[in-house]
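Peer 1: When you get a sec, could you build the whole thing from the sequences and use the hints?
Chains A and B, in that order, give the protein sequences.
This note's numbering applies: residue 1 is where the first sequence begins, and numbers increase by one.
This note's numbering applies: residue 118 is where the second sequence begins, and numbers increase by one.
Think of the hints as simulated: they come from the structure by calculation, not from any bench.
Where hints are given, some of them may not hold.
Said to hold, decoys possible - Just the calculated beta-carbon pair ranges, DEER-fashion:
no., chain 1, residue 1, chain 2, residue 2, range
1, B, Thr137, A, Ile105, 19 to 29 Å
2, A, Glu68, B, Arg167, 27 to 37 Å
3, B, His162, A, Ser27, 12 to 22 Å
4, A, Thr5, B, Phe225, 26 to 36 Å
5, B, Lys173, A, Asp30, 21 to 31 Å
6, B, Asn169, A, Gly28, 24 to 34 Å
7, A, Ser58, B, Arg167, 17 to 27 Å
Unchecked claim - Computed footprint of chain B on chain A; a stretch qualifies when at least three of its residues, placed anywhere within it, have a C-beta under 8 Å from a C-beta of chain B:
no., segment
8, 42-54
9, 105-115
To be verified - Calculated Cβ distances over 12 Å to all of chain A for the following chain B residues:
no., residue
10, Gln131
11, Thr137
12, Gly176
13, Gln223
14, Pro226
Don't be surprised by glycine CBs; every beta carbon is placed ideally from N, CA and C.
Each chain, letter by letter, is given below.
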Amino acid sequence: EAGVTQFPSHSVIEKGQTVTLRCDPISGHDNLYWYRRVMGKEIKFLLHFVKESKQDESGMPNNRFLAERTGGTYSTLKVQPAELEDSGVYFCASSHKIGTGAKNIQYFGAGTRLSVL
Amino acid sequence: SQQGEEDPQALSIQEGENATMNCSYKTSINNLQWYRQNSGRGLVHLILIRSNEREKHSGRLRVTLDTSKKSSSLLITASRAADTASYFCASAWTDKLIFGTGTRLQVFP
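Peer 2: Written out as structure tokens, the structure is:
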């Protein structure tokens, strides 16, 4: 079974440009999450999809970030326009089961390293 | 900030020694999880402990949880060079994970 895959693995862009990150979750997983680690700081939650719906987008930093999950399969995270402080590693994760108190093991991709120059 | 903290930030030991990492979190939890990240790779789930559990074992891993102190520890026994990685605790109340700052573990052969 394939794991969570992310593309590209590394992206270098200039300030003001647009970048789109893609995440393919494990097949059959309804839950998809985006996290990011900026400047070696903590890994922070960005948002959570259940199928194609945004369940929680409380971690999205501002309206320059747009996440979609059309058809409830893969997801994209677009940054437009990119700023210097957006540099970091963007992780995607997926899980099958949802619900408080229940096991919620999230399976992570290798991440996309974004460098904004 | 809701993020947790881990200590030490970095730990260097010899193969065969035990490694202990501590984690503190700030919010109520349903469970607490530990993840490992090898350089350039994604996070790999190691172990999950529920809020009503105090200790859990998995192979060479031992996790404790003290909800009164909002703290957890991860013990790796008989460490190996392959254990070299960054280790993160992650607390969960809802479905999103709140990560600690991480501990970089270096195990020398």
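Peer 1: Does each hint fit the structure? Answer for all of them.
Peer 2: Hints, one by one, checked against the model:
| no. | hint | verdict |
| --- | --- | --- |
| 1 | B/Thr137 <-> A/Ile105: 19 to 29 Å | holds, 23 Å |
| 2 | A/Glu68 <-> B/Arg167: 27 to 37 Å | holds, 34 Å |
| 3 | B/His162 <-> A/Ser27: 12 to 22 Å | holds, 18 Å |
| 4 | A/Thr5 <-> B/Phe225: 26 to 36 Å | holds, 33 Å |
| 5 | B/Lys173 <-> A/Asp30: 21 to 31 Å | holds, 27 Å |
| 6 | B/Asn169 <-> A/Gly28: 24 to 34 Å | holds, 29 Å |
| 7 | A/Ser58 <-> B/Arg167: 17 to 27 Å | holds, 24 Å |
| 8 | 42-54 | holds (count 5) |
| 9 | 105-115 | holds (count 7) |
| 10 | Gln131 | holds, 26 Å |
| 11 | Thr137 | holds, 21 Å |
| 12 | Gly176 | holds, 16 Å |
| 13 | Gln223 | holds, 17 Å |
| 14 | Pro226 | holds, 26 Å |
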